[in-house]
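A.B. asks: These protein sequences, in sequence, are chains H, L, C and D.
Mapped onto our numbering, the consecutive letters of the first sequence carry residue numbers 10 to 390.
Mapped onto our numbering, the consecutive letters of the second sequence carry residue numbers 10 to 390.
Mapped onto our numbering, the consecutive letters of the third sequence carry residue numbers 10 to 390.
Mapped onto our numbering, the consecutive letters of the fourth sequence carry residue numbers 10 to 390.
Any given hint could be a false lead.
Each pair may be met inside one copy or between any two copies, as identical chains are not told apart.
Claimed, not checked - Straight-line Cα separation of at most 25 Å, PhoX-like style, residue types lysine-lysine; simulated pairs:
no.	residue 1	residue 2
1	159	296
2	351	127
3	384	312
4	296	104
5	120	48
6	384	249
7	351	47
8	353	380
9	131	61
10	390	131
11	276	120
Since the hints were made in silico from the structure, they are not lab data.
Letter by letter, the chains look like this.
Protein chains: 4
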Amino acid sequence: MGMLGGGPGAFIGEVHRKAARMDGQIEVVAGAFDIDPKKSRQMGRQLCLDPKRVYGDYKEMLEGELKLPPGERIDFVAITTPNNWHYPMARDFLKAGFHIMCEKPVTMTSKEAKDLQKLVKKTGLVFGLMHTYTGYPMVKEARDMVQTGKLGKIRKIVAEYPQGWLSTPLEKTGNMQASWRTDPKQSGGAGCMGDIGVHAANLAEYITGLRITEVCADLSTFVKGRRLDDDGNCIVRFNKGVRGVLYASQISVGEENGIAIRIYGTKGGLKWVQLEPNTLTVYWLDKPAQTIRAGANYSNLCKAAREACRLPCGHPEGFFESMANHYCNFAAAVRCKLEGKKVKAGQFDFPDVEDGVRGMLFIESVLRSTKSRQKWYKIKK
Amino acid sequence: MGMLGGGPGAFIGEVHRKAARMDGQIEVVAGAFDIDPKKSRQMGRQLCLDPKRVYGDYKEMLEGELKLPPGERIDFVAITTPNNWHYPMARDFLKAGFHIMCEKPVTMTSKEAKDLQKLVKKTGLVFGLMHTYTGYPMVKEARDMVQTGKLGKIRKIVAEYPQGWLSTPLEKTGNMQASWRTDPKQSGGAGCMGDIGVHAANLAEYITGLRITEVCADLSTFVKGRRLDDDGNCIVRFNKGVRGVLYASQISVGEENGIAIRIYGTKGGLKWVQLEPNTLTVYWLDKPAQTIRAGANYSNLCKAAREACRLPCGHPEGFFESMANHYCNFAAAVRCKLEGKKVKAGQFDFPDVEDGVRGMLFIESVLRSTKSRQKWYKIKK
Amino acid sequence: MGMLGGGPGAFIGEVHRKAARMDGQIEVVAGAFDIDPKKSRQMGRQLCLDPKRVYGDYKEMLEGELKLPPGERIDFVAITTPNNWHYPMARDFLKAGFHIMCEKPVTMTSKEAKDLQKLVKKTGLVFGLMHTYTGYPMVKEARDMVQTGKLGKIRKIVAEYPQGWLSTPLEKTGNMQASWRTDPKQSGGAGCMGDIGVHAANLAEYITGLRITEVCADLSTFVKGRRLDDDGNCIVRFNKGVRGVLYASQISVGEENGIAIRIYGTKGGLKWVQLEPNTLTVYWLDKPAQTIRAGANYSNLCKAAREACRLPCGHPEGFFESMANHYCNFAAAVRCKLEGKKVKAGQFDFPDVEDGVRGMLFIESVLRSTKSRQKWYKIKK
Amino acid sequence: MGMLGGGPGAFIGEVHRKAARMDGQIEVVAGAFDIDPKKSRQMGRQLCLDPKRVYGDYKEMLEGELKLPPGERIDFVAITTPNNWHYPMARDFLKAGFHIMCEKPVTMTSKEAKDLQKLVKKTGLVFGLMHTYTGYPMVKEARDMVQTGKLGKIRKIVAEYPQGWLSTPLEKTGNMQASWRTDPKQSGGAGCMGDIGVHAANLAEYITGLRITEVCADLSTFVKGRRLDDDGNCIVRFNKGVRGVLYASQISVGEENGIAIRIYGTKGGLKWVQLEPNTLTVYWLDKPAQTIRAGANYSNLCKAAREACRLPCGHPEGFFESMANHYCNFAAAVRCKLEGKKVKAGQFDFPDVEDGVRGMLFIESVLRSTKSRQKWYKIKK
């Protein structure tokens with residue numbers, strides 16, 4: 010694969026590299042790692058890459074790779090830059106025939122996202138979107154339980170994503186992660202909601218197959234001088250009469266990376282908490298709660314959950330493996346394509362450009378709802 | 010004390026008796042335990058009461074007790090009936106000069122609540138309201154931490170109260186608790202929000218000293234045929250710019266009695282979960298989280314928390330003790346009055362008629378917000 | 010009931026009073042609360058007792074009560090003094106025809122315990138021993154699961170009881186609880202093992218119905234100048250080939266009152282931890298673990314567990330209720346006797362003099378094993 | 010690196026590959042993956058290796074690699090076979106000048122281990138031993154806390170390692186992992202104690218710097234027909250007067266991979282549980298317990314713990330990362346050597362041949378103690 014972003018000091022790029030590398034199927038062979046070509050080369054050396062394939066910017070990389078004979082080119086590109094680069098990079102590489110794995114949120118606007126959606130449809134290329142949390146085995150088990158009806162008809166969903174790391178004006182201290190995430194030009198119109206709220210929305214939709222249809226949001230900026238929201242509370246409505254609560258925060262002191270979900274149906278309920286990702290708690294109307302564990306050998310663990318584990322029960326797997334699961338499924342789709350086979354929608358289990366479009370519509374709706382005096386804001390399709 | 014309600018099969022009346030009895034200061038000596046005089050007498054016998062002081066209804070009890078010489082009368086009356094009886098009983102006993110301990114919600118309407126408030130002011134009698142959860146030692150510690158500024162300026166509050174016991178139409182099976190709670194005539198205009206949501210609101214206000222000023226609510230009735238809400242999601246605004254989420258549910262399968270609160274300030278955060286009431290988790294900006302435990306001997310546990318414990322650390326105390334703490338403080342106030350001393354507002358730490366008025370305003374606001382298309386509904390004073 | 014011990018500053022006496030009082034069936038009407046008659050009278054006044062029935066010492070109380078007409082005497086006596094008083098008090102009251110509820114350990118030696126055992130047999134009186142922890146509902150559920158074979162044949166038991174409160178020489182600071190517990194004259198030959206290790210042994214035997222047959226112990230005294238053990242580690246063997254670990258400690262800094270047990274059979278396992286007493290975790294060979302909760306409404310909770318709960322699921326009950334459960338069952342046995350009915354062994358579920366004898370044999374064996382160079386010390390019957 | 014073992018169906022070999030690969034510093038370039046050369050070649054193809062460097066057995070690999078020019082040879086060999094192969098493989102590769110990363114237990118006997126120890130000393134080569142659990146960041150933090158005296162003088166250690174996967178005769182079902190682990194010829198004289206008990210011993214010694222000096226063990230074989238112990242309980246004594254409990258089990262139904270440790274000193278205590286590896290709970294004499302979290306940004310996290318994290322707080326890391334940490338530190342030592350620098354004992358933090366010797370002595374002592382009627386068995390040096 011080729012990589013965009015992930016230069017020295019970046020966070021998510023190195024995470025992508027480790028995750029992609031995990032199963033020995035994917036290798037970084039090219040990259041434009043930083044807007045500073047020097048730093049890009051520095052990272053290339055660190056990764057022992059062929060210096061010819063370490064590029065100064067993404068356009069150079071596109072050209073460079075296209076000059077190589079088809080069999081020697083990268084198969085796909087991983088986009089791990091700040092949000093503002095996602096759209097032009099994805100667009101240009103799609104147009105040039107490369108498959109894409111893109112960090113979320115997919116673009117800066119829903120318009121851009123829909124544009125990519127059209128391009129993906131037109132080109133037939135594989136487009137992965139890194140909503141990491143749906144790669145966890147127990148999220149897949151939760152999805153299977155809900156979608157096979159074990160919990161009955163779903164009634165209520167509580168999705169939360171509290172963090173505390175931006176409780177102070179960290180962006181003023183030179184912290185790179187904080188800086189771009191609180192900068193509208195690089196991050197987009199939403200701060201907290203775009204960075205993490207959208208994960209909570211995606212998680213709820215992935216597990217249940219439902220769609221958020223209406224939101225009522227109250228976004229805030231608590232840290233003085235910050236230019237984007239750092240906290241947001243929403244009540245939401247899903248299709249099929251399902252109601253819910255969704256909130257996200259970057260100023261909840263002490264919360265680490267607390268994405269968690271609770272789903273209640275007519276027959277049962279479930280809870281999944283990312284901090285203990287290998288546990289899924291399931292509740293029943295009239296039986297004791299069950300603790301389902303990743304890697305366990307009980308017969309009724311669903312196939313997707315089983316395949317998403319690399320170790321037996323009790324050997325903790327975590328964030329890298331979750332991301333690696335998306336890479337595995339994405340790679341399988343890319344391999345199909347490379348072998349000339351067709352790939353059906355939903356054949357491989359990884360988030361894609363459709364999730365990206367819905368995510369952008371969610372983010373924009375939440376922003377608009379916050380400014381509105383009306384209670385409900387409908388999410389357009 | 011004299012008791013209204015708490016007849017055979019009742020739930021909360023017996024809980025009050027056990028709690029009141031716990032510290033050996035309060036004795037039930039009279040009662041009108043049931044609308045059926047036979048059942049009232051049955052309970053009187055069970056409690057080994059003087060049959061003369063077991064009454065057929067509350068008016069009879071009022072008359073009977075007034076006939077006794079002042080020193081032999083009950084000192085106060087505990088009202089543990091369904092909600093619709095709270096107002097007339099409290100009103101009449103207040104008018105006759107008796108102190109009151111009343112189950113929540115205090116009345117059926119805010120108008121009634123304000124009426125009682127005036128009566129309390131006028132008579133100078135002691136009026137306790139049983140918001141049990143603020144009796145827990147770790148809730149008192151949380152309050153102390155917030156109000157002494159240890160968490161800095163408060164920014165966000167998440168208060169939740171999920172239960173699952175009304176996930177099915179239990180009220181159709183003859184279940185007494187379910188029946189009156191889902192009957193508007195006995196319960197009032199709100200179901201879930203009146204029964205438990207109001208506890209979550211009270212808990213948030215008790216700990217922080219803040220007031221909910223605006224609500225945006227989405228109440229639902231999920232169980233077919235049920236006449237009151239069994240689930241409700243709100244976003245809320247407190248004074249001083251504090252934002253929050255508050256939700257309650259009776260259809261969250263598997264949730265037991267899950268009242269819990271998280272509060273985040275500029276310097277720290279805290280979490281309290283009623284299912285493990287003797288633990289308070291406290292978060293700091295740049296230090297490890299601390300687990301504060303009821304009954305512990307570390308020097309900086311606040312006085313109110315310390316006095317609310319009856320056992321050393323590691324000997325679990327629970328719901329009864331929490332209620333007994335309110336009874337203790339209420340009894341201390343009553344004792345002051347009996348000794349002719351003055352009682353200042355806030356001198357004794359138990360919920361009172363002010364909490365009752367605010368609770369009714371909260372409930373009514375939530376009901377009105379649900380029907381409104383406007384986002385924010387202001388809670389009037 | 011009449012009470013011995015429980016004077017001002019005592020710990021367990023007041024706990025007994027609260028527990029005994031809880032269900033409104035038992036009333037303290039007499040007592041010799043302290044070796045100092047002044048303090049005894051002080052406590053009597055505090056409890057609003059008839060001054061004639063507040064005695065200067067236990068012999069006086071015995072005489073005083075015997076002078077009353079049979080119907081007016083106390084029905085039973087609760088012994089809550091330091092250990093050295095248990096035997097003479099129990100012996101004399103048994104001889105005089107009073108039922109007994111005694112704190113553990115039952116006596117100072119197994120010889121004394123056997124003597125009481127004979128007296129109980131001879132007199133036919135009811136003798137309760139306060140091993141509080143077996144009064145918890147989830148311990149009863151655990152027992153039912155093991156004894157109905159749900160876990161298969163038991164193989165291994167891990168019983169632990171760590172505390173940290175004696176990590177420093179607290180007995181030198183005037184702390185009353187620490188003083189007598191570390192004084193061989195008042196406490197007996199064992200410190201930690203006699204005070205708490207014996208609870209762990211009793212818990213294991215109660216749940217499984219097995220008997221510890223051999224011990225290999227390593228007791229230590231870590232705090233300089235302390236005269237009794239404050240920590241002990243044992244490997245143990247039960248009958249039927251069951252193996253185990255049993256340890257107790259008073260110097261495990263940070264541990265509160267950590268009695269806990271894990272039991273493994275051929276088909277399943279279970280874990281119970283007193284700090285969260287309302288939860289029983291059950292493991293299965295090939296199914297997810299289950300979390301059984303006190304007060305829950307699922308149909309297969311055993312009768313003994315169900316009856317040991319006073320509140321619905323999610324309303325925490327604790328230490329007092331556990332002790333109150335023993336008082337209830339003990340009171341039921343006493344009531345049978347008072348009504349002239351027979352009481353069969355095991356008819357009522359509370360620890361008795363047999364548990365006391367086994368406890369003393371356990372304590373003595375552990376002490377002897379510690380001094381022995383032989384690996385296994387057999388517990389005589 | 011070159012790999013021995015880790016053929017198709019093997020467990021730990023693939024784990025080593027993923028861990029070694031994680032940080033992009035180590036690449037598998039050669040291997041003899043299976044005693045069946047066909048299967049070895051199959052794995053070589055799967056890993057896209059140069060077929061010339063996929064060998065039929067370890068001797069062939071040794072010869073083959075030696076034929077390559079020094080700069081092209083593997084730098085070290087990872088031994089991931091069943092135990093019986095460790096010694097001859099390590100011996101021969103050491104003699105030929107290769108660094109070694111070996112799975113635990115290091116050999117079949119302490120004699121063999123000491124032999125390797127001598128070889129390591131003589132050759133100056135780097136020898137890593139894969140005691141995975143000491144690679145976790147919070148284990149390193151625990152070690153730092155103990156060894157910098159924060160907990161005061163250590164008094165007691167409880168080390169446990171329960172598993173349940175061998176509760177049934179799994180070895181008779183064709184399960185490869187179960188088969189060799191229960192076969193004395195491949196596994197050695199100990200089953201459970203050799204496979205996992207030795208990890209618990211190593212963990213205790215790593216964190217505290219203490220040494221187990223005496224053991225009293227009771228090993229059992231619960232599953233009928235099994236040839237090695239599947240459960241073992243020990244009381245242990247460490248140097249400096251420290252006492253402890255150590256137990257391991259493969260028949261504790263429901264336990265997954267439950268290695269955990271509790272350590273108590275005069276000033277504080279700590280608890281670490283591998284199932285939630287990113288949490289370290291620390292207890293203090295008179296302050297609330299603290300929850301230290303991997304990846305957290307509080308200033309006083311020790312350097313070793315900080316460097317052992319790849320992700321910020323709240324992004325779970327697990328078993329692979331722990332092993333990868335050992336590989337990183339091992340690789341740094343190897344790199345030093347390759348650059349001709351000296352490596353001091355303890356300069357790099359990974360388990361080595363000394364741990365191997367102590368582990369074998371522990372295993373042998375436990376076996377001998379089990380057969381002895383004497384209480385204490387001294388561990389020879």
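A.B. asks: For each hint, tell me whether it holds in the structure or not.
C.D. replies: Results for each hint:
{"no.": "1", "hint": "159 to 296", "verdict": "both (13 Å within a copy, 16 Å between copies)"}
{"no.": "2", "hint": "351 to 127", "verdict": "within (18 Å within a copy, 60 Å between copies)"}
{"no.": "3", "hint": "384 to 312", "verdict": "neither (41 Å within a copy, 44 Å between copies)"}
{"no.": "4", "hint": "296 to 104", "verdict": "neither (54 Å within a copy, 49 Å between copies)"}
{"no.": "5", "hint": "120 to 48", "verdict": "neither (32 Å within a copy, 53 Å between copies)"}
{"no.": "6", "hint": "384 to 249", "verdict": "both (19 Å within a copy, 23 Å between copies)"}
{"no.": "7", "hint": "351 to 47", "verdict": "neither (41 Å within a copy, 34 Å between copies)"}
{"no.": "8", "hint": "353 to 380", "verdict": "neither (40 Å within a copy, 44 Å between copies)"}
{"no.": "9", "hint": "131 to 61", "verdict": "neither (31 Å within a copy, 45 Å between copies)"}
{"no.": "10", "hint": "390 to 131", "verdict": "within (19 Å within a copy, 60 Å between copies)"}
{"no.": "11", "hint": "276 to 120", "verdict": "neither (40 Å within a copy, 40 Å between copies)"}
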